[in-house]
Amino acid sequence: MAGLSFNELGPGYEFPPSSYELDDAIISKYLSAVESPSQEFIPPLAIAAYAMKSMIESLSLPPGSIHASQEFEFIRPVSIGTTITCNAKVDRKIARSRMNMLVLEIGVFNQDREKVQSGKTTIVLPLMDAND
Amino acid sequence: MISNISKGKTLPTLVKNITQDKINLYAEASGDFNPIHIDESFAAQTPLGGTIAHGMLILAYISELMTQSFGINWISGGNLSVRFKSPARPGDTVTVSGVIDTVTYENDCTNISCTLSCCNQKDEAIVTGGAKVKLHS
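So the sequence lines, in the order shown, correspond to chains Y and Z. Residue 1 is where the first sequence starts when you use my numbering, and the numbers rise one by one after that. Residue 1001 is where the second sequence starts when you use my numbering, and the numbers rise one by one after that.
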């Protein structure tokens, strides 16, 4: 499925939620990639990476788009084997003369529907033609 | 965990070498296969002139520093707010550092705010920002 472009998104748009089981194999691969030692709980940025993945897969970003800023609040620890559900929505959409900006909100929940993490992502998109 | 928490205390520095292999490994682990990270011929044709590391990989290093410094208090109750200033590229050595700005006490909690930075070997800022963490006594 093709992702949504900047023009197709509006403030308040909610991306389809997605769920992942963060099992030992997934987290081991992540820890290896970030050269981090094994820990009692899943690194919060591993959870964030999966939340971002689900959001980015729903977007069609033009080449040259830049991850400009990021905020996170880590609320609860998450153990290996937890199934997380990631929700994301468009918080703000800013059109400027030389670029567009998207501010996206992320919420991550565990299988008990407790919020474990929230975040706000700002992406700067280069201007494309009017149909993008 | 760091001890003797006070204003001005520096957090233990973390140094990481960025390689294309590590970027590729992160792409596999995170599922972010944006060609700007992994396709060297594509990236060479863009204004960036070559591949760059995922911003979230750099944030993983910052989070590792905070976890080393504050343990579970970071994982459960930490706040991070950062800006990406310039890309990290294969061949770069990035140094993640932090310093405690303020320490305040409220009921049975110690509230700490830190300034964080991640710089390359030329001392150019890659990420700047801050973090807050609450220690429960």
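Simulated from the structure, these hints should not be mistaken for lab results. Wrong hints could be hidden among the right ones.
[To be verified] If we take Cβ atoms under 7 Å as the criterion, some of the chain Y residues that face chain Z in the derived model are: (1) Pro-11; (2) Gly-12; (3) Pro-16; (4) Tyr-20; (5) Ser-36; (6) Ala-49; (7) His-67; (8) Gln-70; (9) Arg-76.
All C-beta atoms in this analysis are idealised placements derived from N, C-alpha and C, irrespective of residue type, glycine included.
Close enough to count: is the Cβ of Tyr-20(Y) nearer than 7 Å to one in chain Z?
violated (10 Å)
Does the CB of Gln-70(Y) sit less than 7 Å away from some CB of chain Z?
holds (6 Å)
The hint names Ala-49(Y) as touching chain Z; please verify it with the least Cβ-Cβ distance against 7 Å.
holds (4 Å)
Supplied contact hint for Pro-16(Y), tested at 7 Å Cβ to chain Z
Given a least distance of 16 Å, the restraint on Pro-16(Y) is violated.
Minimum beta-carbon distance criterion (7 Å), Gly-12(Y) to chain Z
violated (23 Å)
Please check whether Pro-11(Y) passes as an interface residue: C-beta within 7 Å of a C-beta belonging to chain Z.
Constraint on Pro-11(Y) not satisfied, violated at 21 Å.
Does the nearest C-beta of chain Z fall within a distance shorter than 7 Å of the C-beta of Ser-36(Y)?
Result: holds, 5 Å to nearest chain Z Cβ.
Hint Arg-76(Y) vs chain Z: min CB-CB distance below 7 Å?
holds (6 Å)
Proposed interface contact between His-67(Y) and chain Z, which counts if any beta carbon pair is under 7 Å
This hint holds: His-67(Y) lies near chain Z, its Cβ roughly 4 Å from the closest one there, short of 7 Å.
Going down the numbered hints, you'll see the structure goes against 1, 2, 3 and 4, while the others check out.
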